[in-house]
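Chemist: Can you build the whole structure from these sequences, using the hints too?
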Amino acid sequence: MAADVHKKKGWEVPNGSLVPADGQHTERSESPTPGLAQGTEPGAGQEGTMFVHARSYEDLTSPEDAGVTSRIPEEGQGDEVDQTNMEQISKDFSELSTQLTGMALDLEEEMRQSKEDKLDLSPQTCRRDSVLSGKEEEDVTMDAWRMHQKHVFVLSEAGKPVYSRYGSEEALSSTMGVMMALVSFLEAEKNAIRSIHADGYKVVFVRRSPLVLVAVARTQQSEQEIAHELLYIYYQILSLLTWTQLNHIFQQKQNYDLRRLLAGSERITDNLLDLMARDPSFLMGAVRCLPMAAGVRDAVSASLQQARAKSLVFSILLSRNQLVSLVRKKDQFLHPIDLHLLFNLISSSSSFREGEAWTPICLPKFNSSGFFHAHISYLEQETDLCLLLVSTDREDFFTVSDCKRRFQERLRKRGVYHVLQEALRTPFYSISQVGIPDLRHFIYKSKSSGLFTSPEIEAPYVSEEEKERLLGLYQYLHSRAHNSSHPLKNIYFTGPNENLLAWVTSAFELYVCYSPLGTKAGAISTVNKLMKWIRKEEDRLFILTPQTY
Amino acid sequence: MAQRKMGKEMTVTSDGYHSKPTYVYKVVLLGSMAVGKSSLAFRYAKNSFRETMPTVGCSFFKQMIHLETANIMFEIWDTAGQEKYHSICHLYYRGARAALLVYDISRKETFNRAKLWLRELEKDFLHDEIVIILVGNKTDLATEREVTSEEGKEFARSKGLLHAETSAKSNHQVTDVFMTMPVQSQSWKKSRVDLRAPNSNQIKKCCKS
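From first to last, the protein sequence lines are chains A and B.
The numbers in the working numbering rise by one with no breaks, and the one at position 209 of the first sequence is 209.
The numbers in the working numbering rise by one with no breaks, and the one at position 23 of the second sequence is 1023.
Please keep in mind that the hints were generated in silico from the structure rather than gathered at the bench.
None of the values given here were measured: they were computed from a predicted structure.
In this text, a Cβ means the ideal position worked out from N, Cα and C, and glycines have one as well.
Among the hints, erroneous ones may be present.
[Claimed, not checked] Quick list of in silico lysine to aspartate or glutamate cross-link-like pairs, DMTMM-like style, CA-CA up to 25 Å: (1) B:1046 x A:382; (2) B:1046 x A:298; (3) B:1108 x A:170; (4) A:330 x A:382; (5) A:529 x A:438; (6) A:310 x A:382.
[What the hints assert, rightly or not] Partial chain A-side listing against chain B, Cβ under 10 Å, derived: (7) 143; (8) 147; (9) 240; (10) 374.
Modeler: This is the structure:
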């Protein structure tokens, strides 16, 4: 692969304007210029942001983050922001953490009890259950198993298997033992293994005590990106158990078989891995909005805002992994990673389509030591509109359930129910709307809002393989742009089937795919036009006025 | 706070429609993973069957039944069988009038686990506070049966539970089990509403006096 890298003077952001604008209300420039400050780029929220201000990719993969074993649970993105958040909500959480201690005790007792009764769920049972849940186990000695693009393994520090993407964990226990041996061997020398590159494979290790995560990949992704995905898996496990509980378990019993607790949740992890291979949200560390008229979205947000309850922290309306609206408690910010985990949870199970679900969930980037309680339900049987209400009070089911009823009532009163359904029919827009002939596809991320937009992937990227190949190219550009030792601002990539351009500034990231027939000069000249189009459409493509309770 | 008092004997709300009283009757489904709790709830509430995914946390269903003298609002709490949710399960069964303790007749260990579940329930409830029905599900898998009908009955008798065998897949006895609960509930009898659920005689009444 040949990457043609250019650092053209005119594109470079003068250092002086890299400083984010103080207020979000800085005048929005009509024609986007390279010198856009953060908070004024297209898609930037006008009244503050919804998410924790995130450099999520970098801070996820930064080296100093990697070897830390005694990670502070509350470690967040914008540290100062989080600190104050934590203080303000500390009252809620003092309650949460007491609940948690109760839970951990229960667990201990249960561990003891099941030993007494010798009714321990044997691994065999676990397997059978997962077979019942539709997961076919593969024979790990077969070539087909070896041929998978990306294997993911999770193991405990005692070398016990916790999760394997393909094949049963028991059959792999010796393999996992070798992995653990590698990790410990280097740790004994006060060193840490990061990755092994051999024979077209990358073996990437991520150490998050008490777990070790390993990926064996044949994909084009960089080591950084694979590590990034492994961290998502780690957060996924935390979201089910909390960091506190996970640590507590292994402190009590080093060789605990964590699969007991994760039984029935393998498919959530499987789904996350599949989703990461085809949804650019994870790569971008941002959230995609369902395109709709600003007026409709505002009415939906206002309805959500009115259907509030004391214990509610976030009200989220989504449709197939696209955000429709998000209303949050004042001063509380959701991290895009946490939202991705919630989206993944919802998309991983059809069981939410029936009745109302009420489940404990940890949002590890918000607070990895406590559980929230999430009310999950679809608005109507046939639609994809799913309402997610996140509460701090586990006893509040009926209050929260009533919020849903009130929300639906408001929607009907405002007469937006029908329009909303209409918007669901066109969840994607076509690239042809932009009106640039050689343009095939693009991803634009507004850094200050943590939102991104992207048109439907159209011909020639019809098959799943082609779609994943395109995403692979974006991944490649992204990894070059964010390489920790040599970050790049502008990249022009000429490939056999398409040309791509990447442009990363302090305010936004833009990745564009052109037909292979265009020229570099042509591509550069159309970028401005594309940016103008995004600016023109921003109120449809983004949530510019996020609401709070 | 919750607008409704949970854990009360039975909440009476005015219907206003037929001027019949509406009784809220809370039922909770318990048992190991993949024994068919969600399928039973789904069969009863929607009268259909499909392979379900493991429940996350807990699912809540409402089902209104209109009787001659009263309406019963079934509140069905379908809990997850996964171990990580066990410690919070008692949250869901607080205030329940009846519990369906479900096992899979083709998997012996689910029957053994049901005994542990029972112990959990006994911690939270007095004996006459709750109607517990031990339900052996998946009678459609009779050829793979590992728990005999007699074993189930015998255990239920020894613990003072009701016993039934069902199949959510082939719709065997599912409605009957649900309809038996209010009949058996002691406090329901006290409230003097005459309830004669059809076919409820098929449920074996054990040593419940």
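Chemist: Work down the list of hints and note, for each, if the structure agrees.
Modeler: Here is what the structure says about each hint:
no. : hint           : verdict
1   : B:1046 x A:382 : holds, 15 Å
2   : B:1046 x A:298 : violated, 35 Å
3   : B:1108 x A:170 : holds, 23 Å
4   : A:330 x A:382  : violated, 33 Å
5   : A:529 x A:438  : holds, 12 Å
6   : A:310 x A:382  : violated, 30 Å
7   : 143            : violated, 31 Å
8   : 147            : violated, 28 Å
9   : 240            : holds, 6 Å
10  : 374            : holds, 8 Å
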